[in-house]
Amino acid sequence: MPKVTYVHPDGAREVLDVPLGTSVMRAAVTNGLDGIVAECGGEMMCATCHVYVEADQLDRTPPQSDDEKAMLEFTASERKPNSRLSCQLVATPEFEGLVVYLPETQV
Amino acid sequence: MADRVVAVVGSGQAGFQVAASLHQEGFAGRVVLIGDEPVPPYQRPPLSKTYLAGEAGVDELWLRPSEFYAKQHIELVCGDAVTGIDRVERRLSLASGLQMSWDHLVFATGARYRPLRVPGSELDGVLPLRTLADANTLRQRLNEARDVVVVGAGFIGLEFASVAMARGANVHILEITHHPMGRVVSQTVARFFTEAHIRWGAEFSLGTGVARILGEGGRVAAVETTDGRRLSADLVLICIGVIPNTELAGAAGLPVDNGIVVDEHLVTSDPAIFAIGDCANFPTPFAGGRVRLESVQNAVDQGRCVAARLAGRPEPYEKVPWFWSDQGDLKLQIAGITVGHDQSVVRGEPASRSFSVFCYRAGRLIGVESVNRTSDHVAARRMLAGEPRLAPEQAADLDYDLRAHIRGSARH
Chain A
1 MPKVTYVHPD GAREVLDVPL GTSVMRAAVT NGLDGIVAEC GGEMMCATCH VYVEADQLDR
61 TPPQSDDEKA MLEFTASERK PNSRLSCQLV ATPEFEGLVV YLPETQV
Chain B
1 MADRVVAVVG SGQAGFQVAA SLHQEGFAGR VVLIGDEPVP PYQRPPLSKT YLAGEAGVDE
61 LWLRPSEFYA KQHIELVCGD AVTGIDRVER RLSLASGLQM SWDHLVFATG ARYRPLRVPG
121 SELDGVLPLR TLADANTLRQ RLNEARDVVV VGAGFIGLEF ASVAMARGAN VHILEITHHP
181 MGRVVSQTVA RFFTEAHIRW GAEFSLGTGV ARILGEGGRV AAVETTDGRR LSADLVLICI
241 GVIPNTELAG AAGLPVDNGI VVDEHLVTSD PAIFAIGDCA NFPTPFAGGR VRLESVQNAV
301 DQGRCVAARL AGRPEPYEKV PWFWSDQGDL KLQIAGITVG HDQSVVRGEP ASRSFSVFCY
361 RAGRLIGVES VNRTSDHVAA RRMLAGEPRL APEQAADLDY DLRAHIRGSA RH
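Sequence lines, in order, name chains A and B. Here the first sequence stands for residues 1 to 107, where the numbers follow the working numbering. Here the second sequence stands for residues 1 to 412, where the numbers follow the working numbering.
Straight-line distance between alpha carbons at most 25 Å, and here's what the computed SDA-like set of lysine to any residue pairs gives: (1) B:K319 with B:S409; (2) A:K69 with B:S295; (3) B:K319 with A:P103.
For the record, the hints were derived by calculation from the structure and aren't laboratory data.
Go ahead and model the full structure; you've got the sequences and the hints to work with.
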């Protein structure tokens, strides 16, 4: 099962097992990780599961849908080219070793 | 200040949020979160969507893992109900016999399902959908159900209907008014969803109620409609709305009027007591008066608002309301409150299954209903947070760029 590293704004790193077919958001919530709020529960109605994907790993993640691109306008922290909603990052074998950075704030 | 106690009555989305936000906001006292259900706080929206369909497991419903509460110093009490509140002594009592003192009390008591009072409504197989326990029962019953009658075509009824059809049941939807979801959406959207459900195989009887429910050996067998028809049924879902849980507040002498009455800071007539989420009746610029809303957004944002106030940062509550509903492959997203609009224009073509209805009152944009059109929904939420200044003819013009409009407004 892929191991994903979540990097907190202060640099602290947490590594979680993200089962195949489970999102990076869901794994964070299930493990009680601070920094992912996931207000809407993965329905793409909010932008409180925002992460920055390690820039050179973006090609390992699924492409952004138009809905995700639209909803990323609501991120509380700056939207960057590597911004993603982690509810849309559903783990595949390529997620092994993925690193995501948590924003300063989600709300 | 370190010994202040906040008692949160109700552990749904609103109660969870205020408890979770208090410590994040820097509140240093005790937080006690009391729920009458035997389980930790969970999300309700999936109960009529992915959880009901069997696509999501119960592990995906928990708002946080059970260890979260102790780690965050939230004293979570599950399966115990508050039975009385003493405002003079600032104490409350629980069904288990426990008592506790509080300095601030937050009503997050939510709402309960509204029962249908007709002969036969007590029969086995006549069921509500409000709690996890309800959803578990329905999920199991849907394994065998052939003929399902849904009473009430609101969000829950229609979401349930789309799942029941996808699971192979015949579905007949009864709605006492002539417009499904009519309490909250425009006629254009109501018609669109009615037609979609008919295409998926549902039968609709609009303007029709239930006269009585008929059984055989204690189990439901049929529904007799107010126009005298008899519809076979082995499962009947009653979803005719909810009743806000205001009895405790009323008994404590607080004003109640379609919800616990609060001011723009979500404070009741007692400055130590708040009400948030489905049980709260509050003033909002988005309704042109008072309103009580049943939504995740309302529960979460009101929970945060009260937490910030208790942590010493009072701000009036004035968030843009938003809602969503998933039915089949259609996603309905609503920004603002469209009830009471006197003009509406459609952006896009309903036939294309991607369109929005922009609703106006007295020439001002008050809300937008989008079907499979998230970019309009996002634009609407941003516009409604300020002064929209969007003319109906601009809204209806697909070539008019809403994002450019927002950037333009921001410069004014």
